[in-house]
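A.B. asks: Here's the letter readout for the chains.
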Amino acid sequence: MSALVLNEEQQMLKDAAKRFMVESAPVSQLRALRDNNDETGFSRELWQSMVEMGFVGTLVPEQLGGSQFGYVGMGQISEQAGRNLSASPLISTAVGGVAALLLAGSSEQQQALLPKVAAGELLLALAVDETPRHNPVQVSTRLEAQGDGFVLNGRKQFVVDGHVADKLIVSARSSGADSEREGITLLLVDRTAAGVRVERTSMADSRNAAVVTFDDVKVAATDLLGEAGKGFAALELTLDVVNAQLAAELLGLSLESFERTVAYLLERKQFGVTLSTFQGLQHRCAHLFSELELVKSAVLKALMALDAGADDASMQVSLAKAKASEVAELATNEALQMHGGMGMTDEFDIGLFMKRARCVKALFGDFRYHANRFASLKGY
Amino acid sequence: MADLDAFRQQTRAWLDENCPPSMRKPITKESDQCWGGRNFTFESNDQKLWLDRMAAKGWTAPDWPSEYGGGGLSQEEHKVLREELARISARPALSSFGVWMIGPAILKFGSEELKRQHLPAIVRGEIRWCQGYSEPGAGSDLAGLQTRAVDEGDHFIVNGQKIWTSYADKADWMFCLVRTNPDAKKQLGITLVLFDMATPGVSTKPIKLISGNSPFCESFLDDVRVEKSQVVGEINAGWTIAKYLLTHEREMIGGMGRTASGQKTLSQVAVECIGLDGGKLADDMLRGEIVRWDLDAAAFALTAERVLDEAKSGQGVGAASAMLKYYGTELNKRRQELLVALHGSDGLVWEGEAHREGAIPRNWLRSKGNSIEGGTTEVQLNVISRNILGLQ
Chain D
1 MSALVLNEEQ QMLKDAAKRF MVESAPVSQL RALRDNNDET GFSRELWQSM
51 VEMGFVGTLV PEQLGGSQFG YVGMGQISEQ AGRNLSASPL ISTAVGGVAA
101 LLLAGSSEQQ QALLPKVAAG ELLLALAVDE TPRHNPVQVS TRLEAQGDGF
151 VLNGRKQFVV DGHVADKLIV SARSSGADSE REGITLLLVD RTAAGVRVER
201 TSMADSRNAA VVTFDDVKVA ATDLLGEAGK GFAALELTLD VVNAQLAAEL
251 LGLSLESFER TVAYLLERKQ FGVTLSTFQG LQHRCAHLFS ELELVKSAVL
301 KALMALDAGA DDASMQVSLA KAKASEVAEL ATNEALQMHG GMGMTDEFDI
351 GLFMKRARCV KALFGDFRYH ANRFASLKGY
Chain L
381 MADLDAFRQQ TRAWLDENCP PSMRKPITKE SDQCWGGRNF TFESNDQKLW
431 LDRMAAKGWT APDWPSEYGG GGLSQEEHKV LREELARISA RPALSSFGVW
481 MIGPAILKFG SEELKRQHLP AIVRGEIRWC QGYSEPGAGS DLAGLQTRAV
531 DEGDHFIVNG QKIWTSYADK ADWMFCLVRT NPDAKKQLGI TLVLFDMATP
581 GVSTKPIKLI SGNSPFCESF LDDVRVEKSQ VVGEINAGWT IAKYLLTHER
631 EMIGGMGRTA SGQKTLSQVA VECIGLDGGK LADDMLRGEI VRWDLDAAAF
681 ALTAERVLDE AKSGQGVGAA SAMLKYYGTE LNKRRQELLV ALHGSDGLVW
731 EGEAHREGAI PRNWLRSKGN SIEGGTTEVQ LNVISRNILG LQ
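Residue numbers (the working numbering), protein chains in the order written: chain D, 1 to 380; chain L, 381 to 772.
It is worth saying that the hints were derived from the structure and are not from the lab.
Honestly, I wouldn't trust all of these hints.
[Said to hold, decoys possible] Label-pair distances were calculated between CB atoms; the ranges are:
| no. | chain 1 | residue 1 | chain 2 | residue 2 | range |
| --- | --- | --- | --- | --- | --- |
| 1 | L | LYS660 | D | ALA3 | 48 to 58 Å |
| 2 | D | ASP311 | L | ALA466 | 17 to 27 Å |
| 3 | D | THR201 | L | ASP664 | 27 to 37 Å |
| 4 | D | ALA145 | L | ASP664 | 36 to 46 Å |
| 5 | D | ARG31 | L | SER693 | 35 to 45 Å |
| 6 | D | ARG31 | L | GLU614 | 54 to 64 Å |
| 7 | L | LYS488 | D | GLY65 | 37 to 47 Å |
| 8 | L | GLU463 | D | ARG368 | 47 to 57 Å |
| 9 | D | ALA308 | L | ARG766 | 37 to 47 Å |
| 10 | L | GLU652 | D | ALA3 | 30 to 40 Å |
| 11 | L | LYS459 | D | SER140 | 47 to 57 Å |
[Claimed, not checked] Listed next, the in silico DSS-like pairs over lysine-lysine satisfying Cα-Cα at most 27 Å (straight line):
| no. | chain 1 | residue 1 | chain 2 | residue 2 |
| --- | --- | --- | --- | --- |
| 12 | D | LYS116 | D | LYS18 |
| 13 | L | LYS566 | L | LYS608 |
| 14 | L | LYS692 | L | LYS409 |
| 15 | L | LYS585 | L | LYS644 |
| 16 | L | LYS692 | L | LYS459 |
| 17 | D | LYS18 | D | LYS355 |
| 18 | L | LYS692 | D | LYS18 |
| 19 | L | LYS437 | L | LYS623 |
| 20 | L | LYS585 | L | LYS748 |
| 21 | D | LYS355 | D | LYS14 |
| 22 | D | LYS14 | L | LYS437 |
| 23 | L | LYS588 | L | LYS565 |
| 24 | L | LYS405 | D | LYS378 |
| 25 | L | LYS428 | L | LYS459 |
| 26 | D | LYS378 | L | LYS660 |
| 27 | D | LYS378 | L | LYS644 |
| 28 | D | LYS378 | L | LYS713 |
| 29 | L | LYS409 | L | LYS588 |
Positions of the beta carbon are idealized from the N, C-alpha and C atoms, including for glycine.
Please put together the full structure from these sequences, using the hints given.
C.D. replies: Shown next, in the form of structure tokens:
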């Protein structure tokens with residue numbers, strides 16, 4: 001059982017990610033992208049810098065151009081991205097896309113695509129959900145054999161970075177009824193292929209998502225990730241990898257909004273004293289501090305369990321995502337309330353943290369989804 | 381590593397031979413717990429045998445120096461011992477405020493004479509200790525305590541009253557906070573002294589709690605003579621030691637948020653009480669509440685582990701004990717509420733062997749004190765907001 005602390009290399013990566021996000025991807029950058037109605041939704045220049053920093057290849061094996069630094073390492077980057085609301089395709093491409101290729105792809109597919117991902121030449125997006133609330137077994141998008149290939153029909157939503165991705169990683173049903181684990185296939189589809197329609201959906205957090213429809217899209221047999229109908233296990237593992245990183249992002253944004261709030265209480269004066277002197281506020285902060293300590297532990301444990309390939313990794317991930325979601329809601333709600341009227345203004349950043357928190361929570365399962373999954377995995 | 385493996389093998393072999401089978405069964409009633417002391421009635425020969433064998437190894441206080449009767453184990457060896465004891469579900473050979481509280485304080489702050497006098501007797505379970513801290517007028521504001529100790533040259537004469545003294549009626553010695561300088565700032569006039577409960581002028585009276593049990597007493601001190609050789613640390617410097625002891629106590633009480641080895645988990649109890657329907661607890665609302673608790677308990681256990689790991693690697697968060705105490709006791713109270721709810725009307729039966737003499741409602745009621753004793757929840761929140769967050 002390894003100790004629940006970062007090792008020296010992981011700590012160094014955390015420090016580097018912290019400096020980088022503060023300097024190169026601060027909250028003001030997200031604000032500018034939003035105010036300019038930027039069509040890409042992130043800065044290509046920033047993405048190139050992230051490639052140079054090695055962030056994009058963190059999960060990619062060394063022989064394929066990455067650093068293979070592991071999930072704990074990637075978690076440090078996600079946490080700092082959370083603190084700064086840094087807009088980038090890290091989650092969609094460097095985490096979700098890479099994990100799906102590693103867990104479901106053939107070595108040919110990995111060799112063809114992963115070096116391009118690590119070099120920043122290929123963006124990926126996971127097209128999983130078909131319903132407003134996350135439910136990965138609910139797959140009606142159909143994949144049917146046609147000639148020596150397949151044809152794809154259906155609709156996906158909340159596809160993060162779907163409108164800019166070069167390739168989409170899609171879950172589709174080859175057999176079985178809706179909401180069965182059996183019969184789900186993972187496959188790659190070019191965003192620009194005939195019959196693919198991508199519609200960017202403008203979200204509350206000013207970040208990227210899309211609705212994607214597939215209308216008789218032709219798919220070559222070589223674009224299947226793994227065996228037809230046997231994709232769910234790899235999809236579930238991929239989602240575990242992504243959810244652990246989302247939990248780390250939630251931790252980062254919760255800590256940042258908490259620290260900004262504590263700083264505000266120390267500075268803002270009413271009734272001739274700073275707000276920090278009021279016990280009614282002190283105790284709420286102390287409670288939130290305790291909850292955040294719990295989230296830190298749960299997130300680190302989930303990342304370590306994934307790195308170790310532990311049997312209970314899925315349970316630890318659901319614990320981390322559930323707890324991080326619950327506390328992010330509390331942290332951002334308390335932050336807004338304690339900022340008073342200023343918290344309601346667009347000029348103050350606190351509202352941006354609240355909006356991002358809700359989107360990260362909803363992505364691939366919120367508190368309720370993961371609490372339910374945690375209980376099921378524990379046999380009740 | 382090889383040394384540690386060898387230690388594990390030796391420990392395992394020794395425990396196999398020396399831990400009586402009846403001491404490997406879960407503790408189900410009060411008398412299963414061995415507190416030791418002059419007046420203790422052992423429940424069985426095995427209970428005494430187990431205490432004596434463990435004490436002879438110094439393993440009732442595994443990490444104390446062997447020159448004072450302790451086990452002299454390193455942190456790593458101590459961990460191995462804990463793991464091996466848990467592996468065979470061994471009962472603690474001794475439950476002792478001496479081992480948990482005053483012993484570590486004497487080790488850290490006491491004179492050589494005090495160490496030699498008291499520590500070996502604690503290890504052997506011969507002397508049972510109680511803690512004289514709170515007073516009728518000094519609860520959360522502990523530093524406001526009024527029990528007076530007047531300097532009479534080589535000794536003090538102590539007068540005052542203590543309250544919430546755990547098991548004072550069964551204890552042999554008390555470690556007690558007294559005011560030795562009434563003119564100084566309140567924290568600067570306090571001294572920690574030790575005295576025998578058989579000293580003339582010491583009397584106790586049990587307090588009956590809402591649980592129907594009486595684990596606490598009032599203690600009355602009337603012209604009690606305390607030798608100056610029984611002062612721990614310096615005169616008027618007792619507050620530092622008191623705080624050190626409170627930190628210990630908080631960690632101990634906070635530990636109640638964790639499920640002990642051999643104890644059924646809340647979800648196991650829930651499955652037994654309610655049953656499953658399609659793999660899920662048959663009551664949706666209770667399932668939701670149990671999951672919430674279970675998530676918090678799992679994250680809390682990881683946090684206790686992380687705090688320990690950080691302390692070992694020198695990145696300790698310092699005031700973490702207040703957070704652990706606050707969260708752990710609130711968790712335990714929620715657990716007890718859920719246990720009562722899960723058992724329905726059976727969870728309210730107060731007496732009778734069939735219902736373990738009302739263990740469920742009595743434990744539930746006792747748990748209400750968790751967030752009061754050892755510093756209330758509100759005091760812990762004050763400590764976190766002022767000392768950690770700097771809000772004042």
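A.B. asks: Now tell me if each hint is right for this structure.
C.D. replies: Hint by hint, here is what the structure shows:
For the pair LYS660 of chain L and ALA3 of chain D, the beta carbons lie near 35 Å from each other, so the given range of 48 to 58 Å is not met. Against the hinted window of 17 to 27 Å, the Cβ-Cβ separation of ASP311 of chain D and ALA466 of chain L comes to about 20 Å, which satisfies the hint. THR201 of chain D and ASP664 of chain L have their C-beta atoms about 33 Å apart, which keeps the hinted 27 to 37 Å range intact. Checked against the hint of 36 to 46 Å, the C-beta distance between ALA145 of chain D and ASP664 of chain L comes to roughly 42 Å, which is consistent with it.
For the pair ARG31 of chain D and SER693 of chain L, the supplied restraint of 35 to 45 Å holds, since their beta-carbon distance comes to about 39 Å. The hinted range of 54 to 64 Å is satisfied by ARG31 of chain D and GLU614 of chain L, whose Cβ atoms lie roughly 59 Å apart. Take LYS488 of chain L and GLY65 of chain D: their Cβ atoms lie about 55 Å apart, and the range 37 to 47 Å is violated. Distance hint check for GLU463 of chain L and ARG368 of chain D: the Cβ-Cβ separation is about 37 Å, which falls outside the suggested range of 47 to 57 Å.
Judged by the Cβ atoms, the range 37 to 47 Å given for ALA308 of chain D and ARG766 of chain L holds: they are separated by roughly 39 Å. GLU652 of chain L and ALA3 of chain D have their C-beta atoms about 35 Å apart, which keeps the hinted 30 to 40 Å range intact. Here the CB-CB span from LYS459 of chain L to SER140 of chain D is close to 53 Å, well matched to the stated 47 to 57 Å. Under the criterion of a C-alpha separation no larger than 27 Å, the hint pairing LYS116 of chain D with LYS18 of chain D is consistent with the structure, at around 26 Å.
Among the hinted pairs, LYS566 of chain L with LYS608 of chain L is consistent with the structure: their alpha-carbon atoms are about 21 Å apart, no more than 27 Å. Under the criterion of a C-alpha separation no larger than 27 Å, the hint pairing LYS692 of chain L with LYS409 of chain L is inconsistent with the structure, at around 36 Å. Pair hint LYS585 of chain L plus LYS644 of chain L does not hold up; C-alpha atoms about 35 Å apart against a cutoff of 27 Å. Between LYS692 of chain L and LYS459 of chain L, the direct Cα distance comes to roughly 13 Å. Compliance with the 27 Å bound is thereby established for this hinted pair.
Of the pairs offered as hints, the one joining LYS18 of chain D and LYS355 of chain D holds, with about 22 Å between alpha carbons and a cut-off of 27 Å not exceeded. The straight-line distance between the Cα atoms of LYS692 of chain L and LYS18 of chain D is roughly 25 Å, inside the 27 Å bound, and the hint therefore holds. Taken as a hint, the LYS437 of chain L and LYS623 of chain L pair is broken in the structure, with Cα atoms around 31 Å apart against an allowance of 27 Å. About 22 Å separates the Cα atoms of LYS585 of chain L and LYS748 of chain L, which keeps this hinted pair within 27 Å; it holds.
At roughly 25 Å between alpha-carbon atoms, LYS355 of chain D and LYS14 of chain D fall within 27 Å of each other, so this suggested pair holds. At most 27 Å may separate the alpha-carbon atoms for a hinted pair to count; LYS14 of chain D and LYS437 of chain L exceed this at roughly 46 Å. Distance restraint check for LYS588 of chain L and LYS565 of chain L: the Cα-Cα separation of roughly 35 Å exceeds the 27 Å cut-off, and the hinted pair is therefore not satisfied. The suggested pairing of LYS405 of chain L with LYS378 of chain D holds, with an alpha-carbon distance near 26 Å, which does not exceed 27 Å.
At most 27 Å may separate the alpha-carbon atoms for a hinted pair to count; LYS428 of chain L and LYS459 of chain L meet this at roughly 24 Å. Annotation: proposed proximity of LYS378 of chain D to LYS660 of chain L holds, straight-line Cα distance about 10 Å (limit 27 Å). Among the hinted pairs, LYS378 of chain D with LYS644 of chain L is consistent with the structure: their alpha-carbon atoms are about 14 Å apart, no more than 27 Å. For the hint pairing LYS378 of chain D with LYS713 of chain L, the CA-to-CA distance comes to about 23 Å; that is within 27 Å, so the pair holds.
Using a Cα cut-off of 27 Å, the hinted pair LYS409 of chain L and LYS588 of chain L holds, with the two alpha carbons roughly 19 Å apart.
Violated hints, in rising order: 1, 7, 8, 14, 15, 19, 22, 23; the structure is consistent with all others.
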